[in-house]
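Each residue of the sequence shown is one higher than the last, beginning at 1 in this note's numbering.
No wet-lab data here; the hints were simulated from the structure.
Please read these numbers as outputs of a predicted model, since none were measured by experiment.
Among the hints, erroneous ones may be present.
Under the rule of at most 30 Å between Cα atoms (straight-line distance), these lysine-lysine pairs were calculated in the DSSO-like manner [stated by the list, open to error]:
1. Lys-275 to Lys-185
2. Lys-252 to Lys-224
3. Lys-335 to Lys-147
4. Lys-202 to Lys-258
5. Lys-147 to Lys-202
6. Lys-185 to Lys-78
7. Lys-92 to Lys-79
8. Lys-346 to Lys-147
9. Lys-346 to Lys-141
10. Lys-141 to Lys-202
11. Lys-335 to Lys-141
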Amino acid sequence: MIMKHQHGVIAEYQLNSGQHFITESRGQDFIRILVSNFDNLKNIDDPISREILLSIKESGELNFNISVHEQFFCQGLKKPERILQYLTFRYKFGLASLERQVFDAPPFILVEPVSACNLRCPMCFQIDRTFTRTPFMGIMKWDLFTKVVDEADEIGVGAITIASRGEPMMHPRFAEMLSYVGSKKNIFELKTNTNATFLTEKICHEIFQTGVTTIVVSADHYIKDDYETLRKGANFEEVVANVAMLHRIREKHYPDCKTEIRVSGVDFYRTLDRKKFAEFWGKYCDTVSCGLPIERWDTYNNEPHPEINSSCSYLWDRMYIWFNGACNPCDADYKSYLSYGNVVDKTIMDVWNGSPLRELRQKHQNKGRKNIIPCDRCGIDFSE
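Given the sequences, and given the hints that come with them, work out the whole structure.
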């Protein structure tokens, strides 16, 4: 669920992923920029852009919901044309996600550099020993990566996340991947996720130099013993020092950098003091979010949820691309029962508009989710 933004503190801002932002809003100065440049923008052809502009002109507010993340990004844009292009992309993403509107290309793709991870967290599929072996383990080849990114830029994919089932910094060309995506003019958001165990001073500089818009650090607690129970294989003090280094390098060497640093946690035992969690990690980042665990550590053996039969928005708003080119609806289906194509021998557009994904969307819309494995045992209710 996405709630309408209100000025002031957002204590529990919920996203479709189940994450809640628990930090302050960033303001909406960008709206004043658009209002003051209305006459220069009103002749733009895109109907969605015009709809956004008209709403701002008449009410002084956006005609759709906006998150802390989106506010943060907009605050870093100064050119009114670029602000409007970004908001148009986000509005289209919302139409895909909330209204199940199909666009010619996926608004958002997640590209997996590696499928392996160095940690074994109890809420993650990496604890499934039948997964951490052939054929599921691998590393994305550079030629496939550039093929995917080039096409994404050409067809108007607005956001790319360099991450998925594994720890992305384990790829030997991780920094080059960031730089390659950052060089593309039509990709607004470049995000990467990490457990921060591989963060070095060199990688920190590369993150800020390559145009990363958001780096999300997965950290589930502010108490050492609890953290190390949840982030199995990580050292609490080392991770805190790495995240502090990331923040310090940005503040010292890149004062005008617009990269958002976010710490994101999973309240695995449902006992986390979220205020203390936000206070602890807030010293080293811009935003803090936290959500309840999603049943994906043993997806295929989970108990079904026949009471949850809402259509999954991921079929409309994003595409996961594994290291070997396989395209998937989500990473809860980490063994790709529902893979709907492969971009090694097809284009993103061909796969996105192909019959396997169309049929899967139709089944979800026709209340057939409860008859599809593993969709039937996913605990996310997209109707809420």
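Against which earlier hints does the structure fall short, listed by number upward? 1
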